[in-house]
Amino acid sequence: MTWIRGNKTNKSLAKRVKITGRKKIMKRPPGQNHFNAKEPGQSSRFKKGFLAVPKSIEKDIRTLLPNT
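Start counting the sequence shown at 78; every next residue gets the next number (our numbering).
Certain hints may be false.
Unchecked claim - DSSO-like, lysine-lysine: derived pairs with alpha carbons at most 30 Å apart: (1) 92 with 124; (2) 88 with 132; (3) 100 with 88; (4) 115 with 100; (5) 85 with 115; (6) 101 with 132; (7) 115 with 88; (8) 104 with 115; (9) 125 with 101.
Rather than coming from a laboratory, the hints here were simulated on the basis of the structure. Computed from a prediction, not measured in an experiment: that's the story for all the values here.
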């Protein structure tokens with residue numbers, strides 16, 4: 078039996094973004110991993126949660142995640 082397979086999902090990108098129920102792509106803010114102890118509270122609060130991906134790179138991300 079022959080299986081027809083489409084494009085493969087880029088797994089490294091799939092681990093870094095979330096796709097919401099309305100197909101919006103969300104990512105973590107940059108700079109969350111280390112050197113955060115001396116930062117002001119405002120920047121620490123900014124780094125919590127997820128941000129929407131800019132429209133300029135959303136098309137590129139969707140090509141790397143074809144099955145979502």
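Compare the structure with the hints numbered earlier in the document and write down the numbers of the violated ones, lowest to highest. 4, 5, 7
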